[in-house]
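**Q** Residue strings, one per chain:
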Amino acid sequence: MDTFVFLTTILLPALFDGLIVTLELIATAAPFGLLAGIGVAVGRTYGSRWISLPLRGYVAFIKGCPLLLLLFILYFGLPSIGIRLSPFLASVIGFIFCNSAYNSEYIRGALLSVKEGQMIAAQALGMSRWQSIRYIILPQALRRAIPGMTNEFIYLIKYSSLAFMITAVELTGAGKLVATKYFLFNETFVVIAIVYLFLVTVTTVAANMLEKKFAVPT
Amino acid sequence: MGADKYILRVEDIHKAYGDREVLKGVSFNVRKGETKVFIGPSGTGKSTLLRCINQLTLPDQGRVFLNDEEVTNSGTRINYFRQKIGMVFQNFYLFDHLTAVRNVEVALLKVKKMDAAAAREKALEELRRVGMEDWADHYPAELSGGQAQRVSIARALAMDPDVILFDEPTSALDPELTREVLEVMKNLARQGMTMLVVTHEMGFALSVANEVLFMEHGKVVERGTPAQLLNDPAFTRTKNFIGKFRDYNEE
Amino acid sequence: MDIIIILLDWIPYLFLGLLQTLGLVLASLAVGLIFGLPMALGQIYGNRLIKSVISVYVWFFRGLPVIVLLFLFFFGIFPSLNMSSVPPFVVAVVVLGLRGAAYQSQIFRGAIQSISEGQMTAARSLGMTRFQAIRHVILPQALRIALPGWSNEYPTVLTDTAICYAIGVQELLTRATYMVAQTYITMPIYLAIAGVYILLNYAGMKALNMLEKKTSIPGFGQGAL
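Going down the list, the protein sequences come from chains A, B and C. Each residue of the first sequence is one higher than the one before, counting from 1 in the numbering used here. Each residue of the second sequence is one higher than the one before, counting from 1 in the numbering used here. Each residue of the third sequence is one higher than the one before, counting from 1 in the numbering used here.
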């Protein structure tokens, strides 16, 4: 088949459908990954031992366990105890676990780097401990954690490709299926690579702008 | 020639950074065993001049000769000349990952290809010369500024250089530590080492130098023996400068 | 109890997978080091052409998912070069290694650039060539500074090896999956395998921390990077 015809009539439409799934995966997982990451970080930093210790275990497990294995556990493992998830949902949950664990590390580091005086000053104004964290400490910490978190977001873009391993046909999966059917691997994966490089590069540029925008004069 | 033979000749060195002319033609000759001291306000190109001599900075114009061999435009042979022209820096620049003795011996091993035992012996000997042999196994971070500078002098001495360039060797030190470094330098001068020194230590300049060169705006504007500079009425600018320094130091 | 007996039977099979996983990790880190370090030097000391070629390389390998690189090399590039018979393990080492080189080069680059200009100046003033100065003065310092960052490559590469399942490398996860399919035991196997990965992660980091302690120099590199 003519490469041009293959590209325009078969590959690109398939990849477009896949790309939509990829973007949906990312867009669903990222906000929860951020929120859960904040929760885990605050719990680990300010919570009692009964909160911080299990959270520490959670982060150690997620960081130590390959994401693909985590996806297998969620998709192939959970049905054995009666929980059935769609490939999409299993992927999103896996990505949220992964994203939140890594984000929490950056946020925790940032929380610890906020000077002690900030908390004292906030409490001196009559804020409760929770209010001090919410309105004084966290806004500072989150800004400092932006570089790490945008990095994690870029990882999320790339690791979203693993959803295909549990049959969620996203960008990589859509391409793989077409490539196998027509036996045109080089052409297909070059196009897929271009799409990922585009996504990652645009995100990197946007992340740099975000970092500049939120930079606090020091 | 003969007894008048110059060990180092510096001819008409020019250097500009963009529009800013740092050196506007500096020339002088050095005999073996002489100590020449360069003084003058900051930013008049004294340090750049030293760096042009061993080509760490490439001059735009002018030539340098060591024992009648051209140092400028010498290509890769510059590495040979740099062994013969030692340098001591304001901030010591000791190799941070090496102990004092290994700082001194690393170039003996890698550049001069001496065998390990001979290099170690030589390194310890040079450390002894600057009073640092007891600190041989300490890392730079464990040394005071004065001690670090003495080690860096030992490092330069170990190469058996024909001349050593001192680039403000005490400017980063407090007075107490300055004294111990100046003491080492005075001893070297007495032992006949050929030295070019950029410094703000007027006491050292006047007591040790064979010749003091006063630089301003990239030029040597006055030069003479310490006695001339102090007594000859012609040397107004130098005297003015030294006077200001004295007032400043006494404050 | 039956489950435990079944699992015990499979231990030798899984152990071979463990060896493949470890082999992948070590080989990939080594390839990454062998290419990454010269790339860092090229990016700092090289001419414009070298610098831009390396930048593009880094951009490419850091911008793509592991699985895309694996598919590209395994189904595309290797067969195109008439090397279809190259085993998946080797393809995986090539991909993880070349990708690791991109990441490692940036770690080394940061470390080299963090060393003050004076170290090079002092080395050159003693008559060292540029190469000697890099070899004997810059690199011994840069490698120590890079070590903590480099250590973080280990868990990344370790967890990435699991993705080599996608091209059929017989590593731990591939074998675990096969075992699941044969025994119909899922959760216990997956959780046990997760435990093995976490253990490997922990042991490797401990070893690297020891290496950091062993190579540390009083007062040097603390807080850098």
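Calculated from the structure, these hints are not laboratory results. Just so you know, even glycine gets a beta-carbon here, dropped at the ideal spot from N, CA and C. Be careful, since some hints might not be right.
[Said to hold, decoys possible] Restraint ranges, calculated between C-beta atoms of paired labels, are given here:
id: 1; chain 1: C; residue 1: F15; chain 2: A; residue 2: V205; range: 56 to 62 angstroms
id: 2; chain 1: A; residue 1: M209; chain 2: B; residue 2: E69; range: 44 to 50 angstroms
id: 3; chain 1: A; residue 1: K213; chain 2: B; residue 2: E69; range: 48 to 54 angstroms
id: 4; chain 1: C; residue 1: L26; chain 2: A; residue 2: V5; range: 21 to 27 angstroms
id: 5; chain 1: C; residue 1: F15; chain 2: A; residue 2: E116; range: 33 to 39 angstroms
id: 6; chain 1: C; residue 1: F15; chain 2: A; residue 2: R129; range: 26 to 32 angstroms
id: 7; chain 1: C; residue 1: S52; chain 2: A; residue 2: K115; range: 27 to 33 angstroms
id: 8; chain 1: A; residue 1: G117; chain 2: C; residue 2: G168; range: 19 to 25 angstroms
[To be verified] Below are the EDC-like pairs computed for lysine to aspartate or glutamate, each with C-alpha atoms no more than 20 angstroms apart in a straight line:
id: 9; chain 1: C; residue 1: K213; chain 2: B; residue 2: E142
id: 10; chain 1: C; residue 1: K214; chain 2: B; residue 2: E70
id: 11; chain 1: C; residue 1: K213; chain 2: B; residue 2: D137
id: 12; chain 1: C; residue 1: K214; chain 2: B; residue 2: D134
[Said to hold, decoys possible] If you only want the chain C side, here are some residues facing chain A, beta carbon under 10 angstroms, derived:
id: 13; residue: V58
id: 14; residue: P65
id: 15; residue: T177
id: 16; residue: Y178
id: 17; residue: Y184
id: 18; residue: L208
id: 19; residue: M210
**Q** Output the indices of the hints that this structure fails to meet, ascending.
**A** Numbers 1, 2, 3, 4, 5, 6, 7, 8, 10, 12, 13, 16, 18, 19, in rising order.
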